[in-house]
Structures are given as C-alpha cells and as structure tokens.
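2 protein chains.
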Amino acid sequence: MKHQNMAMLVDFYEFTMSNGYFKSGFFERNVYFDVFFRSVPDKGGFAIAAGLEQLIEYIKDLHFEDEDIAYLRSKGIFDEGFLDYLKKFRFTGDIYAVPEGTPVFPNEPILTVKAPAIEAQLIETFVLLTLNHQSLIATKANRIVRAAQGRAVLEFGSRRAQGASGAVDGARAAYIGGCAGTACTLTDELYGVPAGGTMAHAWVQMFDSEYEAFKTYCELYPENPTLLVDTYDTLKSGIPNAIKVFLEKGIKKCAIRLDSGDISYLSKKARKMLDAAGLTECGITASNALDEILIRDLMMQGAKVDTFGVGERLITASSSPVFGGVYKLVAVEKLNGEIEPKIKVSENAAKITNPHFKKVYRYFDNESGKALADELCVYDEIVDDSKPHTIFDPNATWKTKTLTDFTAKELLVPVFKGGECVYESPSIQEIADYCREQVDMLWDEVKRFENPHNYYVDLSEQLYQIKNILLKVHKI
Amino acid sequence: MKHQNMAMLVDFYEFTMSNGYFKSGFFERNVYFDVFFRSVPDKGGFAIAAGLEQLIEYIKDLHFEDEDIAYLRSKGIFDEGFLDYLKKFRFTGDIYAVPEGTPVFPNEPILTVKAPAIEAQLIETFVLLTLNHQSLIATKANRIVRAAQGRAVLEFGSRRAQGASGAVDGARAAYIGGCAGTACTLTDELYGVPAGGTMAHAWVQMFDSEYEAFKTYCELYPENPTLLVDTYDTLKSGIPNAIKVFLEKGIKKCAIRLDSGDISYLSKKARKMLDAAGLTECGITASNALDEILIRDLMMQGAKVDTFGVGERLITASSSPVFGGVYKLVAVEKLNGEIEPKIKVSENAAKITNPHFKKVYRYFDNESGKALADELCVYDEIVDDSKPHTIFDPNATWKTKTLTDFTAKELLVPVFKGGECVYESPSIQEIADYCREQVDMLWDEVKRFENPHNYYVDLSEQLYQIKNILLKVHKI
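Heads up: the protein sequence lines correspond to chains L and B, in order. Using numbering that gives the first Met the number 0, read the first sequence as starting at 0 and increasing by one per residue. Using numbering that gives the first Met the number 0, read the second sequence as starting at 0 and increasing by one per residue.
Simulated from the structure, these hints should not be mistaken for lab results. Be careful, since some hints might not be right.
No distinction is drawn between identical chains; accordingly, a pair holds when it is met within one copy or between any pair of copies.
Under the rule of at most 20 Å between Cα atoms (straight-line distance), these lysine to aspartate or glutamate pairs were calculated in the EDC-like manner [as the list claims (entries may be wrong)]:
(1) Lys408 to Asp383
(2) Lys369 to Glu339
(3) Lys333 to Glu211
(4) Lys369 to Glu79
(5) Lys271 to Glu332
(6) Lys22 to Glu222
(7) Lys251 to Glu218
(8) Lys214 to Glu280
(9) Lys74 to Glu222
(10) Lys350 to Asp65
(11) Lys87 to Glu380
(12) Lys22 to Asp207
(13) Lys86 to Glu188
(14) Lys350 to Asp432
(15) Lys466 to Glu339
(16) Lys42 to Asp443
(17) Lys59 to Asp432
(18) Lys268 to Glu280
(19) Lys243 to Asp41
(20) Lys267 to Glu346
(21) Lys333 to Glu419
Let the sequences and hints guide you as you build the complete structure.
Next up, the structure:
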C-alpha cells in the first residue's frame with residue numbers, strides 16, 4: 000500500500016535530535032543501530048520476522064516534500080541549514096536484515112542499519128512500526144496455523160483491524176505466517192495473497208426466504224459455493240435449506256459456514272446431516288472469535304471443521320497485541336574510521352543491549368536438519384563449520400556445547416548498500432514457503448504453546464568480552 | 000492520511016454479494032444498515048465515537064480505477080454489466096452518524112447508512128474498520144486521561160502501532176479522547192494534533208559523556224528542554240547531570256524524563272533533588288509501558304509526575320484491543336417505497352439486532368445537566384421534551400421511568416444526503432473539547448473503571464413492538 004508522506008511518520012524527537020546532530024558535527028558520522036526484541040508475544044518460543052518488503056519500499060521512496068519542510072519551519076526551532084539538508088535528504092547507508100519468514104529469537108538483531116547519524120535516526124519510527132506490526136501478525140498466524148494441524152486457516156479480520164494498513168499489511172503478514180488466504184481484496188490486488196469470500200448475513204436477509212437466498216447464490220456461483228447457515232436457525236433452517244439447494248442444483252463440491260453457536264456441536268451435527276444427504280464432499284467452515292486456543296480445543300473435541308476463518312483475534316493479535324522491537328545504538332564510527340561499540344546500560348538487566356556491529360549465525364545439525372542455536376558475533380568474525388565449534392550461554396558461562404557435523408548460516412543479508420537496494424524480495428508465495436520450511440527446522444519443544452524450550456542465542460567469546468568491558472566502563 | 004485504492008479495502012464477499020444484487024434486481028433497492036457495538040472494551044461504561052472525518056474522506060473519494068476493474072475481471076466470476084457499473088460507481092446514499100467525541104453505548108446505532116444495496120454493501124469493511132479503530136483508541140485514551148486526574152497524557156506509541164494508519168490515525172483518536180499531544184509528526188502535519196519530543200537514549204550515547212549530551216541539547220533548545228535521565232544511572236548520573244546543566248545555563252522552565260525503573264520511587268527522589276537545587280519549576284515526565292491501571296496506582300502512591308508519556312498500551316489498546324462494531328441490515332425499502340424492518344435472529348440472544356430505520360435520543364436532566372438515558376425510536380417518531388416522557392427497559396419492561404424537566408437531543412446527525420456531504424467536520428480541537436464536555440455530562444458511576452453503572456439504552460414502545468413481531472415471525 001502506498002501512503003503519502005511516510006517520511007513524516009516519525010517521532011518528533013528524531014527531528015530535534017537530527018537537527019542537533021546537524022549542528023554539533025555528527026552530521027556525517029556513521030552509526031550502527033540494531034533492531035531486536037526482548038520477548039516473544041504470547042510467551043511463545045520464537046517469532047516470525049516480516050515487513051521487510053514494505054520497509055524497502057519506504058527507504059527507496061524516502062524524501063521530504065516542500066510542505067513537510069514548511070511544516071517543520073513553522074515550529075521555529077530548526078536550523079535553516081538543517082531544513083536545507085532535509086530537502087535533499089536520501090538514505091545513503093547500509094541495511095542488513097533477516098529475510099521475511101525467518102523464525103527469530105529474543106535479543107538477536109533482526110535488522111542492522113549503518114548510516115550517517117541523521118539518516119539512521121530519521122528512519123527509526125517507520126522501521127520499527129513496520130517490522131513490529133508484520134512480525135506480530137505473522138507470529139500470531141503461525142501459532143493459529145500450527146493449532147489447526149493442516150486444516151486451512153483464512154484471515155477474516157479487516158473490519159476489526161487497527162486502521163487501514165493494519166488490515167492490508169496485516170493480511171499479508173498472516174499469509175507469511177501460514178494462512179491459506181484472506182478476505183481482504185486489497186491485499187490480493189497489491190500483494191497477491193489469494194482473497195476469497197461468499198456471503199454475509201445481509202445476503203440472506205435481503206431475500207424473502209433463506210431458501211431463495213441460497214438458491215440464487217448457487218445459480219450465480221455454481222463452482223464451490225459456501226452458504227452461511229446461521230442467519231435464522233442453523234440446524235432447523237440453515238443446514239436443511241443448504242442441503243435442499245445443493246441437491247436440487249446437483250452441486251457436490253461446496254461448503255457451509257457456521258458463524259455462531261457451539262462450533263464443535265454444530266459441526267458434528269452438520270457433518271452427519273450433510274453425509275446423510277450424500278453431500279460427503281461438502282466442506283464445513285467455522286468462524287466467530289477463533290484463535291489458536293479455541294482451535295486447539297475444537298480439534299481435541301473432534302469438531303468436523305475443514306476450514307477456520309479467523310478474524311479479530313488474528314488481525315490484532317488480541318491476546319498479546321504488541322511486538323516490542325526496539326532500535327538501539329550499538330556502535331559509532333570514529334573519525335579515523337574505527338568502529339567504537341556502544342552499550343545502553345539499565346537498572347533493569349534485561350534492558351542492557353548487546354553492543355557492536357554484529358553478524359548472526361544460525362547453526363543447523365547436519366543429521367537432523369534442526370536448528371541448534373544462534374550465535375551473535377562481531378561483524379568480522381568467521382565461523383568455520385568444517386571444524387568443531389564451542390558455544391556457551393552468556394547468562395551461564397559454564398554451560399558450553401561443542402558443535403560438530405553442523406552447518407553455519409548467516410541470518411542477516413545485505414538489503415541496502417550505500418543507499419542502493421541490493422536485495423530482491425521473493426514473491427509472497429516464496430516467503431510463505433520459506434517460513435514453513437524454516438519453522439519445520441525448529442525442534443517441537445521450541446514450538447510448544449506453553450513454556451516452550453528456550454532456544455539458545457549465544458554471544459561469541461569476543462563479543463562477550465567487549466560487552467563486559469563496556470559494562471565495567473559504565474559502572475558508576 | 001491519504002491512501003491509494005481504499006475503495007478496494009473490501010472484504011471479498013462484498014463483491015460476490017454485490018454482483019449477485021446486480022444480477023438479481025436488488026440493484027437500486029434502498030437498504031438501511033446500522034453500525035453498533037455490543038460491549039465496551041475493558042468492560043468500561045461507555046465508548047467514545049471517533050473516525051467519522053476519515054470515513055467522510057473515504058466516501059467522497061470512493062471510486063474504482065481501471066486496474067481495480069481489471070483485477071476483478073481476472074477472477075472470472077463477475078458479470079461484465081456489474082464491472083461496468085463499478086466503473087461509474089459513486090456513493091449516492093444518505094449517512095447519519097454521531098459526531099466524533101460523543102460518548103456512546105452498546106446496542107445503539109452510531110452510524111446509519113441508507114443507500115442502494117450495492118453501495119451500502121461495498122462500504123461496509125472500510126466504515127467498520129475506521130470507526131472501530133479510532134473509537135477503540137479514543138475510548139482507551141479517555142480511560143487513561145481520566146486516571147491521570149488532570150496531569151497531561153502524551154501519546155508516544157507510533158513504533159508499536161499496528162501499521163502506519165494505526166500510528167497516524169490512532170494518535171488523532173487519542174487526542175479526541177483527551178491526550179494533550181503526540182510524538183507522531185505526521186499526525187500533527189495532517190490533522191493538527193500538537194506533536195512534540197526531545198531526545199532518545201541514542202542522543203545521550205552519541206556523546207562522550209551524558210553531561211556533554213545534556214549541555215549541547217540545552218544550548219540548542221533553551222526553551223523548556225526535557226532531558227532523558229536514565230541512559231546510565233538515573234539517580235547517580237542522569238538527574239545530577241541534568242541539574243548541573245540547568246543551573247549552569249540558568250534554565251528554570253524545563254523537565255526531566257524517567258523511562259525505566261520504579262517511577263513512583265524515582266519521581267519522588269527526583270522531585271526532592273530538583274527542589275533542593277532550586278529547580279521547582281522543572282517538570283517530571285514518566286514513560287515506560289504505562290496505562291490507566293498503572294497511572295491510577297502511581298497517583299495513589301503520590302508519584303511526583305507532571306506528564307505521562309503513554310506508548311504501546313494506548314496505541315494498541317493492548318488490554319482490550321478490539322472494538323467490536325458491526326454493520327447490520329435493519330430495513331429494506333419495498334418497491335412501493337415502504338420501509339420494511341429486518342432483524343437478524345441468533346441462537347445467542349445478545350446477537351439479535353434492533354430492527355428498522357431508527358433515530359436515537361439522549362435525554363439530559365435539566366437540573367443536573369447529566370445524561371439520563373438514550374432511547375432508540377422509529378425514524379419518524381418525535382419526542383416532545385416539554386411534556387413528561389416515560390421510558391422502559393426493554394430487557395425488564397416493568398422497569399419504567401417518567402422523565403420531566405429534561406432536554407431531548409438527537410444523537411445521529413445527517414452527514415451525507417443523496418451522496419453529497421452535508422456535514423462540516425469540526426476542528427480536532429473542537430472535537431476534543433466536545434468530548435470532554437460530553438463526558439462531563441455522564442454520572443461518575445458510568446465512568447467507574449470496574450463494574451460501571453449500566454447506562455440505559457431503551458427502545459420506544461413502537462420499536463419494541465416491531466422487534467417482538469419480527470422475532471415471532473422468524474421463530475421456526
């Protein structure tokens with residue numbers, strides 16, 4: 000979705016700081032920022048990274064219009080030199096990111112920016128909101144899809160989304176996380192996520208009878224029609240009318256949708272009624288305030304549902320609606336070009352950052368194909384996976400593990416180099432496939448809904464030492 | 000915020016139904032839809048209606064582009080006549096709505112659409128998502144602002160919003176609900192909501208010392224600077240450095256911001272340190288995962304906070320992130336022009352709709368000025384507030400109340416007539432003022448956070464009879 004003026008979707012303090020950098024000589028000094036998050040929504044074991052494609056579009060298009068400059072000037076606090084600089088503003092830095100659909104873990108960079116201070120600062124808000132939003136929804140969708148154990152999950156939530164991009168970009172993220180399609184037409188038109196839909200209650204009410212509404216619909220759309228059966232009375236009216244019409248029209252490939260009442264009970268009753276009428280190919284779709292917890296329960300109760308339509312609880316990730324990605328300064332380039340690592344200390348230990356310009360390795364076991372651990376390394380470290388490699392837990396340094404017969408994969412790939420986009424976004428289908436493959440490479444224990452196994456995100460020996468030295472320096 | 004292609008932000012079934020209406024002769028038949036909600040988020044006593052201005056912009060601009068028609072044609076299920084019709088599509092109907100900032104209650108229409116069936120259907124998704132989103136955030140903001148008891152509340156949540164419009168339109172809604180400003184620059188530029196902001200941790204880290212960072216900032220922005228004091232150590236480093244710089248520069252009007260740690264404890268300590276240095280005018284701003292519950296607790300503990308910055312828990316309404324507005328058919332115009340009321344029955348009694356084209360009265364007590372009850376009436380009923388008027392509870396019809404010395408006010412005002420906008424949106428400041436006045440006219444019992452008093456939304460005798468007749472007709 001193209002928005003006007005996304006360059007101005009900025010927290011105001013980015014402008015006050017940037018104006019300050021401009022006037023105090025940090026103008027062209029390169030800085031390094033990491034995006035990372037501290038915990039997975041819903042206390043899950045991992046998140047799914049998403050939103051990079053919209054971030055790329057934003058960076059490519061990034062500029063300020065005359066009216067934006069005039070607006071800023073009206074505030075009376077910005078230097079004319081700075082406003083002049085903004086007129087010619089373009090992003091000239093480097094960006095590294097994990098590809099969309101990658102399972103990611105707390106405290107590891109999922110995106111790193113290297114750019115002159117002002118550029119790095121002015122993109123903060125949009126970078127975070129895009130990655131936070133889409134990663135939130137992709138992560139939630141993946142939970143729901145896993146609960147459905149192979150039954151299709153469709154995204155139905157536009158009307159309850161938090162704004163237009165919440166709906167449109169959210170449906171895109173839901174597809175990355177594993178949904179089979181969406182009700183949102185614009186997401187299909189813009190991004191190629193398959194959209195579908197048949198009828199609301201209004202269609203049924205518009206006609207003099209439910210039967211007539213169903214008959215008319217099946218005449219218009221004889222190919223795989225889905226009839227909504229709960230407008231008046233699901234078992235006494237909706238399903239009998241649907242069966243009558245399907246039989247009269249000789250339609251075998253079809254479905255009914257249950258949108259209220261006890262889905263488990265109604266779906267079993269419906270299955271029996273449909274089968275008794277010979278409509279064994281007629282599918283059953285269920286909607287109505289579903290999420291992974293309800294779907295898991297429905298599956299356990301043997302509900303006869305083939306497709307789940309999930310609305311508000313997916314599109315707002317309602318049980319845990321915030322993805323807490325942050326954007327933290329990790330290094331500053333000195334005048335001599337040397338990279339000086341920076342740390343953010345905090346009274347809250349969990350808020351202390353991992354300093355320096357880094358790379359992230361993911362180690363896969365060659366025998367099982369499963370992901371074993373991630374390791375954060377200094378940007379120029381190289382891990383040779385043809386040799387044994389020992390990793391350790393930075394929170395319990397005596398816990399070590401020596402990896403043998405493994406493959407090391409770098410997670411962060413170059414996306415922008417010197418302001419030029421060097422990354423070609425895969426198709427939405429490729430991203431969704433990649434996500435499924437990568438999630439399959441996680442141990443089941445990491446995928447557990449409650450108390451998942453804590454996947455290891457370790458620091459290299461070199462990075463660990465740098466962090467400890469900086470912590471000592473800042474101890475007051 | 001202008002988006003491309005909002006006409007296509009539609010649930011796909013609106014197109015399948017509309018194509019069906021087109022082919023089955025409901026083409027130009029007027030229908031009536033109500034928007035209403037069934038419960039208030041956070042179990043509150045009332046909601047704040049918001050989003051109408053963006054809805055108006057959407058309706059004014061509503062049209063389909065050639066590429067949209069081509070996309071729909073590619074689906075292979077739509078009639079060419081229907082696609083032709085879409086090419087010339089404009090909204091030609093009537094819309095009535097409650098003004099933004101109005102306190103509203105479950106089961107009363109906050110918006111009514113009268114339009115030819117296809118038009119009414121195709122706007123459903125966007126109407127709902129806009130009103131749901133902004134009403135959600137305005138309602139949440141109003142809770143937070145009430146908890147702050149006169150201290151300023153600023154909206155800081157863009158980076159955690161669910162998408163770009165979540166941030167930009169959300170900050171607008173937060174202002175309607177009572178926030179004093181936002182960090183979102185674009186919301187200021189587009190809507191005139193005052194944006195502000197000073198520095199992030201990155202500013203402090205960029206300099207060789209915290210002192211130098213603060214000094215440079217105060218030189219650049221000597222008017223009312225706010226210094227962020229928790230980058231290294233709030234009490235041992237941040238506040239002492241801030242005091243040193245304020246005193247050196249002779250700045251009296253200023254503030255510090257606490258963004259981590261125990262806000263209650265730190266703010267009291269900070270207040271003492273600032274006062275002891277003679278900086279009695281220096282304000283204290285607090286941020287860090289705040290909401291109405293935490294703010295109420297901080298106030299009770301006597302925290303010395305002058306301004307609250309509220310981020311993710313406001314911009315996503317995280318404790319209750321869905322506003323469940325629905326769009327239900329309530330009447331259909333017959334060929335002879337008669338309005339035929341329609342009802343949606345459900346196995347769940349709470350899901351049964353109030354039929355018919357309606358008006359909504361709010362009754363105010365002339366002595367106290369307080370709102371007493373709302374009453375849903377048939378569109379052509381008139382309540383004369385110069386005479387006593389008896390209302391009754393539709394769920395307990397023996398409970399009646401006779402109003403005397405009261406003023407009746409119609410809540411729904413004309414917004415579109417025959418496709419023309421007849422409503423002039425007030426300024427954002429006027430809307431926020433109106434909201435404050437109207438909330439003041441509710442009894443405190445309705446404003447309670449837990450178990451609020453259930454405000455009466457009654458049905459007129461005439462409407463009650465119509466509803467009961469329809470319920471009997473549809474009983475199977």
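- [ ] State whether the alpha carbon distance between Lys243 and Asp41 is at most 20 Å within one copy, between copies, both, or neither.
- [x] neither (44 Å within a copy, 44 Å between copies)
TODO: Using 20 Å as the alpha carbon limit, work out where Lys350 and Asp432 are close: within a copy, between copies, both or neither.
DONE: neither (34 Å within a copy, 39 Å between copies)
- Query: Is the C-alpha distance from Lys214 to Glu280 at most 20 Å within one copy, between copies, in both cases, or in neither?
  - Reply: Within one copy, since 19 Å is at most 20 Å while 74 Å is not.
*asked:* If the cut is 20 Å between Cα atoms, do Lys22 and Glu222 qualify within a copy, between copies, both or neither?
replied: between (66 Å within a copy, 17 Å between copies)
Measure nothing new, just compare the shortest in-copy and cross-copy C-alpha distances for Lys22 and Asp207 to 20 Å and report within, between, both or neither. Answer is between; shortest inter-copy Cα gap is 16 Å, intra-copy 73 Å.
Reference check for the pair Lys268 and Glu280, CA-CA at most 20 Å: within, between, both, or neither?
For Lys268 and Glu280, the Cα distance is within 20 Å only inside one copy (16 Å; across copies 71 Å).
- request: Please work out whether the CA atoms of Lys333 and Glu419 approach to 20 Å or closer within one copy, between two copies, in both situations, or in neither?
  value: The answer is neither: 24 Å in one copy and 61 Å across copies each exceed 20 Å.
Practice task
Evaluate Lys59 and Asp432 at a C-alpha cut-off of 20 Å and name the case that applies: within, between, both or neither.
Solution key: Cα proximity of Lys59 and Asp432: none, with 26 Å in one copy and 40 Å across.
Copy assignment of Lys87 with Glu380, given that the CA separation must stay at most 20 Å: Answer is neither: 37 Å inside a copy and 62 Å across each miss the 20 Å cutoff.
As a check of your reading, is Lys408 near Asp383 (CA-CA no more than 20 Å) within one copy, between copies, both or neither? within (10 Å within a copy, 77 Å between copies)
If the cut is 20 Å between Cα atoms, do Lys271 and Glu332 qualify within a copy, between copies, both or neither?
Classified as neither; 70 Å inside a copy, 39 Å across copies.
message: If the cut is 20 Å between Cα atoms, do Lys74 and Glu222 qualify within a copy, between copies, both or neither?
response: between (60 Å within a copy, 13 Å between copies)
In summary, the numbered hints that this structure violates are 2, 4, 5, 10, 11, 14, 17, 19, 21.
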